[in-house]
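The whole structure should be built from the sequences, with the hints applied where relevant.
2 protein chains.
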Amino acid sequence: MVENQPIRFGVLGCAEITRKVARAISMAPNSTLYAIGSRSIDKAKKFAADNSFPSAIKIYGSYNEVLEDESVDVAYIPLPTSLHLKWAVMAAEKKKHVLLEKPATLNVGELDEILKACEANGVQYMDATMWMHHPRTEKMKEILSDRSLFGELRSIHTVYTSMGDKNFLENDIRVRPDLDALGALGDSGWYCIRMSLWAVDYELPKTVTAHRGPIFNKSGVNLSCGATLLWEDGKLATFHCSFVSNLTMDVSILGTNGTLRLNDFLIPFNETTASFSFSLRSRFLDRALGWEPTPKEHVVPTELPQEARMVMEIVRLAMKIRDSGSNPDKKWDSISRKTQLVVDAVKASMDKGFEPIEIVS
Amino acid sequence: MVENQPIRFGVLGCAEITRKVARAISMAPNSTLYAIGSRSIDKAKKFAADNSFPSAIKIYGSYNEVLEDESVDVAYIPLPTSLHLKWAVMAAEKKKHVLLEKPATLNVGELDEILKACEANGVQYMDATMWMHHPRTEKMKEILSDRSLFGELRSIHTVYTSMGDKNFLENDIRVRPDLDALGALGDSGWYCIRMSLWAVDYELPKTVTAHRGPIFNKSGVNLSCGATLLWEDGKLATFHCSFVSNLTMDVSILGTNGTLRLNDFLIPFNETTASFSFSLRSRFLDRALGWEPTPKEHVVPTELPQEARMVMEIVRLAMKIRDSGSNPDKKWDSISRKTQLVVDAVKASMDKGFEPIEIVS
Chain L
0 MVENQPIRFG VLGCAEITRK VARAISMAPN STLYAIGSRS IDKAKKFAAD
50 NSFPSAIKIY GSYNEVLEDE SVDVAYIPLP TSLHLKWAVM AAEKKKHVLL
100 EKPATLNVGE LDEILKACEA NGVQYMDATM WMHHPRTEKM KEILSDRSLF
150 GELRSIHTVY TSMGDKNFLE NDIRVRPDLD ALGALGDSGW YCIRMSLWAV
200 DYELPKTVTA HRGPIFNKSG VNLSCGATLL WEDGKLATFH CSFVSNLTMD
250 VSILGTNGTL RLNDFLIPFN ETTASFSFSL RSRFLDRALG WEPTPKEHVV
300 PTELPQEARM VMEIVRLAMK IRDSGSNPDK KWDSISRKTQ LVVDAVKASM
350 DKGFEPIEIV S
Chain X
0 MVENQPIRFG VLGCAEITRK VARAISMAPN STLYAIGSRS IDKAKKFAAD
50 NSFPSAIKIY GSYNEVLEDE SVDVAYIPLP TSLHLKWAVM AAEKKKHVLL
100 EKPATLNVGE LDEILKACEA NGVQYMDATM WMHHPRTEKM KEILSDRSLF
150 GELRSIHTVY TSMGDKNFLE NDIRVRPDLD ALGALGDSGW YCIRMSLWAV
200 DYELPKTVTA HRGPIFNKSG VNLSCGATLL WEDGKLATFH CSFVSNLTMD
250 VSILGTNGTL RLNDFLIPFN ETTASFSFSL RSRFLDRALG WEPTPKEHVV
300 PTELPQEARM VMEIVRLAMK IRDSGSNPDK KWDSISRKTQ LVVDAVKASM
350 DKGFEPIEIV S
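So the protein sequences, as listed, match chains L and X.
Heads up, the first sequence is in numbering that gives the first Met the number 0, so the first residue is 0 and it goes up one at a time.
Heads up, the second sequence is in numbering that gives the first Met the number 0, so the first residue is 0 and it goes up one at a time.
Note that these hints are calculated values from the structure, not bench results.
For glycine and all other residues, C-beta sits at the position ideal for the given N, C-alpha and C.
Pair ranges (Cβ atoms, derived):
hint, chain 1, residue 1, chain 2, residue 2, range
1, L, Arg146, X, Asn50, 35 to 41 Å
2, L, Arg146, X, Lys85, 42 to 48 Å
3, X, Lys45, L, Tyr201, 51 to 57 Å
4, L, Leu82, X, Ser218, 54 to 60 Å
5, X, Thr272, L, Ala48, 49 to 55 Å
6, X, His297, L, Glu231, 39 to 45 Å
7, X, Gly233, L, Gly60, 42 to 48 Å
8, X, Thr272, L, Lys165, 36 to 42 Å
9, X, Glu15, L, Glu231, 33 to 39 Å
10, X, Glu15, L, Asn170, 55 to 61 Å
11, L, Asp164, X, Leu148, 15 to 21 Å
12, X, Ser218, L, Met26, 55 to 61 Å
Printed below as a string of structure tokens:
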């Protein structure tokens, strides 16, 4: 009975992140790591052995063979961004659901081709933005959505930086113009932008203006940048992302009544609990000698780590399609596309001398 | 013996903040609240009584009388900004040291007149930026200055917002074009800019570019704005300040090796201790399942609150001048002037359609 079978994942390539996602697949119910393919079968074998992948895993010497394998239900694609279009479309055409690493694509035109292929083939699309699946994210959304608590949202400020050494900044996949031409904007900015859109329930900003002072490597790939997103009603988001500062993941979301903060939004400091702080109607004590109330820490436990919950979500959607004949859920198409639109706009703004770019959806 | 006498403060006006500073004067050694003047003597009397000012305090029905009183050593000037030029210059001419509330002035031209008057009359100038005097500030500077610890400074991100109600946003002194024409930029932005300059040892940025999306009230006074400060070597600061969000005071300072954060930079959550968090060489655990190390909280106790320490500092400088014939310390002239230059540049950038403004010192 197909209905009792787990959802089988096939992985394209031996990216470092696959080690984490493979573990997540093994932790999540109803999912199994079924196949992995690399351009070098020896590399794939070694990778599977080094990471204690299931001994029954199919190992292929090409991406294509993974997609040709009829038993594969979901293709997990952590390839360099420049390869996403080709392989995600191919996966869809082979009737695989697509779990795509970020940034989704180099531009929204490419993403639209992928989404079109997924739609035409009745397969689920999802980008691999893990933090969205943490129960902390849900808890924060509850607070933000309660206008009697948080009030009206005014601004969102995100910082996501990591520190690349000299070799990274010149040679890593993420800063090579032929592989990940969006650099830090695509890698780190993606998350800041997603967080900003998430906070406003995916309303698109009206304009996006890059901040002055971006840094590029010798090949012209972005190593550091920032921008202001401005919405029709006056609320705004700022972000700063880079590969040249100590690992930092800060979010402050400000409303008329409340302030929500966290310092590990992408990857929680530890796996079993994650926290955020929330201040409600912060006031000074008499003579401004202190604050009342002070920010309150909220701790949210999670049985499974966010990446396992992400796997559970695409498994759930894949099972619905397989077992109930449901249509793919378009939620992720829309969220991913909006994120990409803003990424594109930041890039366009940098290209055009920091002019504001209107977002047209 | 004059040398055993405390330094005597005369206050111009009955600003709310005076309640805090009066307490600080009473807490600091060698200082005394000697006189207060208001345009209405009844208001001054009531203010002194309501706040249990020393019974011996001289109460005047004008600012001028405070400055005419030969016993006053320091004039504390918390008047609306548009009055700073006139009264600070007058104070200096009457040989009073000047403790000036922020923003120092409406523009650097005015500040230069004040500084010139202070210099010509041999009196000390200091702006009343209290957080700079907290021992936490010193401790943070130790960490930032230790390049083997913090590495190279890359960026500074500050947010200072408070929530004004409708009446505040239309009628408060801080948003009236005739009184505090700089609005949120002068009131809140001042602190963000000072923090950014402090972090880089007062090196002036090369350019300042306001972010799009500032908010103004009906009278054209700023209620919300932000900017990017960009230095010659590529480091940058962003800030966001406003009167339309819940009270928030966030700072993140990022270096190549470290991240320093605090959420109450202006006024600590409580009076006796203040904390900041510091992360050093943050790394992911294997498979990015968490962080190691996680940020460490540093708690800095203080015997006297920061405003009393500010009073102590101007008392110390005033005593040195009085008792040892020292010249006034020019440190505060320079820090205040640089802060004002950047405030002016943010305003100019907003006025000129968000163009970058070069800072010329």
